[in-house]
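Undergrad: Sequence:
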Amino acid sequence: MVTREHGLASVAVVRADGTPHTSLVNAGVLEHPLTHRPVVGYVTYGPVKLRSLRERPDTSLLWRAGWQWVGVDGRSELIGPDDPADGLDADGVRLLLRAVFTGAGGTHDDWDAYDRVMREERRVAVLVEPERVYGNS
Numbered sequence: 001m002v003t004r005e006h007g008l009a010s011v012a013v014v015r016a017d018g019t020p021h022t023s024l025v026n027a028g029v030l031e032h033p034l035t036h037r038p039v040v041g042y043v044t045y046g047p048v049k050l051r052s053l054r055e056r057p058d059t060s061l062l063w064r065a066g067w068q069w070v071g072v073d074g075r076s077e078l079i080g081p082d083d084p085a086d087g088l089d090a091d092g093v094r095l096l097l098r099a100v101f102t103g104a105g106g107t108h109d110d111w112d113a114y115d116r117v118m119r120e121e122r123r124v125a126v127l128v129e130p131e132r133v134y135g136n137s
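Residue numbers (our numbering): 1 to 137.
A portion of the hints provided could be inaccurate.
The calculated SDA-like cross-link candidates involving lysine to any residue, where the alpha carbons are at most 25 angstroms apart (straight line), are [said to hold, decoys possible]:
| no. | residue 1 | residue 2 |
| --- | --- | --- |
| 1 | Lys49 | Asp109 |
| 2 | Lys49 | Asp73 |
| 3 | Lys49 | Val133 |
By construction, these hints were calculated from the structure, which means they are not laboratory data.
Input sequences plus hints: build the corresponding full structure.
TA: Quick look at the structure:
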């Protein structure tokens, strides 16, 4: 299901005022780089969403293809230049960002350029460990 729409998913996070904020992301399933458990991952940047995720990590994602859909609820973990993870160095973060991208169905012709953009834009991997999975497919 996740790969049917090139990983396009709606993600909902909670704003400071308690209302939902939704956006569209490319997300996929991958292995957590430290726990080795399956997680949902996507890459993001920007101060507003990151602040929301740091303060209120509860997250919902929804993939759909036609009338079939699957949802995942869980808590977000951020890993990136401003959100270090014990046991994951800068090269590990670089490889994680690639794994999230490919896990969402992405491909790239120039990985060095991809890595440079991720570094320059201070992109962050958002990993959601599923607490609830539901849907109709």
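Undergrad: Please go over all the hints and tell whether each is borne out by the structure.
TA: Here is what the structure says about each hint:
1. At roughly 29 angstroms between alpha-carbon atoms, Lys49 and Asp109 are farther apart than 25 angstroms, so this suggested pair is violated.
2. Only pairs whose Cα atoms come within 25 angstroms are accepted, and Lys49 paired with Asp73 is accepted, the gap being roughly 17 angstroms.
3. In summary, the hint linking Lys49 to Val133 is supported, as the alpha carbons are separated by about 23 angstroms, within the 25 angstroms threshold.
In this structure, the one hint that does not hold is number 1.
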